[in-house]
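Given the sequences, and given the hints that come with them, work out the whole structure.
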Amino acid sequence: MGVFKEAVMKRVLLTALIAAVVLPFGLRAQAKPDFSGTWTLDAAKSDPAPQGRGGGGGGGMGAGSLTIKQTGNELTITSEGRQGPVTMTYKLDGSESTNQVMGRGGAQTVKSTAKWDGSSLVIETTRDFNGTSITTKEVRRLDNGGKEMHVETTAQTPNGEQKRKVVYTKGA
184 MGVFKEAVMK RVLLTALIAA VVLPFGLRAQ AKPDFSGTWT LDAAKSDPAP
234 QGRGGGGGGG MGAGSLTIKQ TGNELTITSE GRQGPVTMTY KLDGSESTNQ
284 VMGRGGAQTV KSTAKWDGSS LVIETTRDFN GTSITTKEVR RLDNGGKEMH
334 VETTAQTPNG EQKRKVVYTK GA
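Letter by letter, the sequence shown follows residues 184 to 355 of the numbering used here.
Worth flagging that the hints you see were computed from the coordinates, not collected in a lab. Please read all numbers here as calculations on a predicted model, not as lab measurements. Take these hints with a grain of salt, some might be off.
As the list claims (entries may be wrong) - With a Cα cut of at most 16 Å, we get these calculated EDC-like pairs of lysine to aspartate or glutamate: (1) LYS298 x GLU335; (2) LYS274 x GLU257; (3) LYS294 x GLU331; (4) LYS353 x ASP217; (5) LYS228 x GLU335; (6) LYS348 x GLU335; (7) LYS320 x ASP300; (8) LYS215 x GLU257; (9) LYS353 x ASP225; (10) LYS228 x ASP326; (11) LYS294 x ASP326; (12) LYS330 x ASP217; (13) LYS274 x GLU307; (14) LYS298 x GLU331; (15) LYS353 x ASP326; (16) LYS348 x GLU331; (17) LYS320 x GLU335; (18) LYS348 x ASP217; (19) LYS346 x ASP230; (20) LYS320 x GLU331; (21) LYS298 x GLU257; (22) LYS353 x GLU331; (23) LYS294 x GLU279.
Spelled out as structure tokens, the structure:
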């Protein structure tokens with residue numbers, strides 16, 4: 184009987200140990216951060232803007248400041264553009280979102296999908312540029328206890344792949 188109890192106790196301890204190690208990772212991977220707030224570009228921690236672009240990017244990537252509102256299944260990013268505020272709204276369920284951005288030829292429709300990859304938000308946007316389709320992928324995540332927002336952007340352009348990392352600091 185003593186050997187049987189010892190075997191049962193070992194199984195119980197092993198199961199508890201596995202649960203203690205595995206569960207926190209699963210819970211962390213499911214956590215969806217809230218990007219809401221006012222964010223200011225930290226130029227010292229960010230890559231410089233590509234030449235001739237002025238730091239734009241449609242979704243405010245590279246803008247001096249952003250205001251983000253996240254509610255339920257929607258994320259709205261407002262940035263200051265050269266011609267006033269630019270607002271982009273994304274559905275967070277992976278379905279397509281449509282936004283208007285100003286381009287060289289005037290207003291342009293862009294289509295995006297946003298989905299979660301663990302605690303990172305991935306936004307893929309497609310736009311037409313002089314008859315050529317350009318796809319941009321933004322990976323947005325919080326760092327430093329939610330005080331920093333890191334945005335890594337990869338654009339597939341006729342000139343090849345362009346990458347940029349931008350860091351924003353959350354306002355008080």
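Checking each numbered hint in turn, tell me which of them this model violates, lowest number first. Numbers 3, 11, 14, 18, 20 - these are the hints that the structure violates, sorted from lowest upward.
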